[in-house]
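Undergrad: Assembling the complex is the task here: the two chains are given apart, and the hints tell you how they should meet.
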Amino acid sequence: MKRNLAPVRALPRELTVIAGSFAPASGSLPYDGQSGNFTPGLVVTGGTSMATGLIAGDTDAGATGTLVLTGVVGTFVDNEAITDSSTGAAVVNGSLTAAAANAPTALKGLGFTVAWTSAGLWTVTLGDGLQANEIVHAKAMLQLKTGADRFVEIGTMSASARTIEIRVWDVSAAAVVDLGVADADNRIHFVVFLRNTAAPLTRG
Amino acid sequence: MVGSFAPNSTSEVDAASRKGLGYTVARTSTGLFTITFTDTFADLVAFEAQLQLVTGDDKFLQMGTLVNTSTPVVQIRVWDVSGAAVADVTANANNRINFVAWFRNSAAKPTYGA
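Same order as they appear, the protein sequences are chains H and B. In terms of my numbering, the first sequence opens at residue 1 and continues consecutively. In terms of my numbering, the second sequence opens at residue 1 and continues consecutively.
Looking at chain B on its own, in the form it has when it is part of the complex (with noise of 0.2 Å):
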């Protein structure tokens, strides 16, 4: 699952600037988001979050907890270095939070190679 929406300010996020399918976004709190799929999944194996920012700033993202149900929760925060703390990103066509989303769907064991 991949995905892609614009943090907005101390807003909620404008459901509009969600990219991609499957899922929703709210904020949270504070520099904290929380992404909800809306597809079943067997397990959340990975999960990897970058910040896009028109102009660079101490920022950068980490996950936080996991609900790792059928249809997992995962929370993102935006951690601001200087401020030690998480932060709100302003609003911004190119301040977006980019994710991607790494499920397990059934017990089978995959196999390498062509």
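Just chain H, same shape as in the assembly (with noise of 0.2 Å):
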């Protein structure tokens, strides 16, 4: 079925799917000698290390600051030069370091919005326009790049508020965790079908 995913429209007409993913947390780099200003958005990169990070958002207070980072692969190091492909230009003053308030980033998928709500528990809300009031399936999938004891849990769910609650549970901790710093591939992805009951029914 090659076909966008809401409404997919083999489905009966009371019911939409929406499906997406997303980043569940950001690093954070502080730097300090910058030379030129970041832009968020585009690719920084470490020059000794060579790691690379999606620019989500740059405090930047002059000299210094913070950049907000997705999508990191490899690890910064401290005092090495970054540079974006644009005027960035800084030098790194520490280390990455997780992030997990900053919001969810690398959203895929249309039709929802995301939040970091508590520790290792992000609230997806679904758009407004949707025209369904009941949620009839809801399912997640947790996507890690390094093998863990975490898996993912759908919490509550509010059709009316069209909000649905995922979270992150590690065995070994027996509790709900964050995920840490960003990686391309630590994400979490879900489905969530949708009825409208005032919908005629098709089947048949």
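Rather than coming from a laboratory, the hints here were simulated on the basis of the structure. Careful: at least some of the hints might be erroneous.
Below, computed lysine-lysine pairings styled on PhoX-like, alpha-carbon distance capped at 25 Å [stated by the list, open to error]:
| no. | chain 1 | residue 1 | chain 2 | residue 2 |
| --- | --- | --- | --- | --- |
| 1 | H | K108 | H | K145 |
| 2 | B | K19 | H | K139 |
| 3 | H | K108 | H | K139 |
| 4 | B | K19 | B | K59 |
| 5 | B | K59 | H | K145 |
| 6 | B | K59 | H | K139 |
As the structure is a prediction and not an experimental result, all values here were calculated from the model.
TA: Pasting the structure below:
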């Protein structure tokens, strides 16, 4: 079925499916010695480590500041030069640290927003434009670059508020946990089937 | 894209065990399987997989690395909780890995409603 996802026309008219994924955490990379401003949306690269990350935000205080990165590949090292493909140029001042409270980034799919709610818990909010008033089915899956004893669970769902909570459970820690520093292969995937109970049934 | 296949213990997945079309699957290493989609897509938006076991066990699936090119390659690992490691799955007709991959096929923006 090679069509866009919402609505999936092969489904009965009263059903809508929202499929999406997001990178659940970002990392903060402090810098100093800035000689050119960074541009959100570009990739920053470490001159020594060759680590890369997508610039999701920049708290710029002049010579110093902090980049919010997602999809980080590799390990930035202290005091290495970092540049983006435009004017951005500075020197790493420390190391990348997890910043779970930063908004999830690198969303794929349409019809939803997502926010970090608390440690290991994210809330997906479906779009207002959906003609649906019942959540029929929701499923989520954890993608991790490196295997770990973690999985995702669906938490509280509200059809009226169009919200779905997704939590990451760490088995050995017996607790919900954040995923730490973002990586392109650390993502949460989900699919939600919604029903518009006012729509006529078309099966049969 | 939907499909399922039967892990074959420490051996390669039997291609005949595959259900669904448009993909191949290989056992990459212990408890790690690589699905390669043979059709072309603009983007993999979401992915789900569910472990089917004839006998209950403390295993679950995780998605691993994704090579999101026009013919995406997805890794699925089987995590064994008590073993705290990836693990193979014993060959059985009712030991399967079921998956659904949701792709975007164009830049056209979907619309809601009937």
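Undergrad: All hints, please: hold or fail.
TA: So, going through the hints one by one against the coordinates:
1. For the suggested pair K108 (chain H) and K145 (chain H), the alpha carbons sit about 18 Å apart, so the restraint of at most 25 Å is met.
2. As the CA atoms of K19 (chain B) and K139 (chain H) are separated by approximately 21 Å, the hinted pair is consistent with the 25 Å bound.
3. Between K108 (chain H) and K139 (chain H) the alpha-carbon distance is near 16 Å, which keeps this suggested pair within the 25 Å criterion.
4. In summary, the hint linking K19 (chain B) to K59 (chain B) is supported, as the alpha carbons are separated by about 22 Å, within the 25 Å threshold.
5. Annotation: proposed proximity of K59 (chain B) to K145 (chain H) holds, straight-line Cα distance about 18 Å (limit 25 Å).
6. Taken as a hint, the K59 (chain B) and K139 (chain H) pair is honoured in the structure, with Cα atoms around 17 Å apart against an allowance of 25 Å.
Comparing the model with each earlier hint shows no violations; every hint is respected.
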